[in-house]
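As they're listed, the protein sequences go chains A and B.
Letter by letter, the first sequence follows residues 3 to 328 in this note's numbering.
Letter by letter, the second sequence follows residues 3 to 328 in this note's numbering.
It is worth saying that the hints were derived from the structure and are not from the lab.
Hints are all accurate, no fakes.
When chains are identical, the list treats them as one kind, so a pair holds in a single copy or across two.
Taking lysine to any residue pairs in the SDA-like style, the calculated list, with each CA pair at most 25 Å apart, reads: (1) K282 x Q257; (2) K282 x P152; (3) K268 x G294; (4) K268 x G212; (5) K233 x D213; (6) K274 x P60; (7) K282 x A153; (8) K233 x Q216; (9) K322 x G293; (10) K233 x T217; (11) K268 x Q244; (12) K268 x Q216; (13) K282 x L205; (14) K282 x T64; (15) K233 x G212; (16) K282 x V203; (17) K274 x G212; (18) K233 x L218; (19) K282 x V199; (20) K282 x Q66; (21) K322 x L205; (22) K268 x D95; (23) K282 x G189; (24) K282 x R299; (25) K21 x P69; (26) K268 x R311; (27) K282 x P63.
Listed below, chain by chain, are the residues.
2 protein chains.
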Amino acid sequence: MNNRLEAVAGQLWGESEGKTFHIFGHIQPDGDALGSQLALWHALRVTGHEAIPVLIDPLPPTYQFLPGREAFVPWQTVGAVERAIVLDCTGWDRLGPAADLAQSATVVVNVDHHRSNNNFGHFNYVDQNAAAAGELVFRLLQAAQVPIQPATATCLYTAIATDTGSFRYQNTTPGALRVAAELLDLGADLATIIQNVYQTVSLPSLRLLGDALQTLQLFYGGRLAILTVSKQLRQESGATEQDVEGIVNYARSVQGCEVGALLHEKDDGTVKVSLRSREKVDVSQLAARFGGGGHLRAAGYAVLGGMARAQAELVAEVGKYLDGHP
Amino acid sequence: MNNRLEAVAGQLWGESEGKTFHIFGHIQPDGDALGSQLALWHALRVTGHEAIPVLIDPLPPTYQFLPGREAFVPWQTVGAVERAIVLDCTGWDRLGPAADLAQSATVVVNVDHHRSNNNFGHFNYVDQNAAAAGELVFRLLQAAQVPIQPATATCLYTAIATDTGSFRYQNTTPGALRVAAELLDLGADLATIIQNVYQTVSLPSLRLLGDALQTLQLFYGGRLAILTVSKQLRQESGATEQDVEGIVNYARSVQGCEVGALLHEKDDGTVKVSLRSREKVDVSQLAARFGGGGHLRAAGYAVLGGMARAQAELVAEVGKYLDGHP
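For reference, chain A alone in the conformation it holds in the complex (with noise of 0.2 Å):
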């Protein structure tokens, strides 16, 4: 582990005075991915060398706040990579439509916290005991004895913070608490953070909420609870096909529940349908039998055929599993 940290600084920070290094991250781009890649991007300029922020996707309005946004550029209007810096991807198939632009790099550094990373990368830094991308970054910064200043702590906390769901989730380690305090005492700017990631949200993201929540149902006992959100629904709500994925916790959320669902009709009439269980059901098989997949407790898939069909048979799968089989 530390030989592969300590090639990856000296790739960054050793050897290669001069180079310009593009940064990427992901489509549809999260906190840590666009986090790692400002902190990053912050401390290669520190250091004196050229780094390029490179988005695949547009930056969502929620992390507009991030210190060094304006520095982002657009894969289409990148030239030619003579370095590529490949931060919180598990595989080229994550960089989408730019990922052959990444690809024709000299060389690729690949930086991930993901177990299915395929180390893809002539340099690779994996760890999947890690939180967050953002908290390899932060470890590369401190091998490489990178100054860490006050903008770089606010993107790497953001990065943790977010996908931790702020020291919610299971990947919530004592190590990652410890680098946040870290980046507190460097001058992360915590309110801002929390202001932007938590506290706001679209009026018409608030609507759909509103108006999911008036479809609630509940089955077995209250053990299994569905939400679903119409193509009429989303539609007349304003809300982005995005703004609808969180909607599945509050499913779950309802005391004595064992699986959440969400039923959500896309704008192609395909239901795709977002599953969370508690403690018992191995959701990740329960969405394999509808040709879908994920983790025990998060999952999905979608399927043809209509709401209604698509509730019925999935009301009766939850039933054989919530009865302790299959």
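Go by the hints and put chain B onto chain A.
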């Protein structure tokens, strides 16, 4: 500070063998009071002392997972109190009907993190820089070299996590994050804490949220957002008055909103107005004009005369503040 810390640790573990401690929190107990009480109870028992954690109001369902909860005793059943430890209370008034009982103790130890604490104990360990009373209890255990078992760690983590809103509130400090990290190392059961505290909502409470979101009204181009909960709405939902409280944060969360308000018609017809602001308006000042009070960003007041009048008066008054006067 350290003198106080050691004096208090000495009272608890130094010269007090064979004594019984009654451990008090405040009325309407929260995670910090309850977690701190039970952590100290565990720690005193582990070190061979007699200790009794005392409840003034019933244990809320949210905290019925806390290890040691079955040791809680209602204050009405407590006879004489020799040594009282009072946690997370600014003064005697926070003990409500149990104040006289606790005050009758020969020795009172006061451990608290509120700025307004009036040092009412014979021994006082008060530090307003601590994020939670649980952080102070942790330091006491460290000072006294009391081993912290996983159950104790779970109680202390609950105390710190709840009082910081899982590290989202302004009282989040590097110190609080480091103590949290140590508690995870010591075996705090984060998954159980998160599931009970943040991922469980009563069905009536969730239904009430859905209904309340339907009432969203915006004023002044979206800078004021108002949600209302009528007596009828609350009663039909089956939610408690406590369930209503958190809803005001949804009002403030609307993008572009500076002041969020919740108007809640109580059973006796009083309208309770809760206010939250984002960065400009001092809502404590605003609330004071209606005979209420609070903090810069969170305040409230109660008025008679019905919902419509309360709303009209509020809208008019907020308008003055949004324009920068008074």
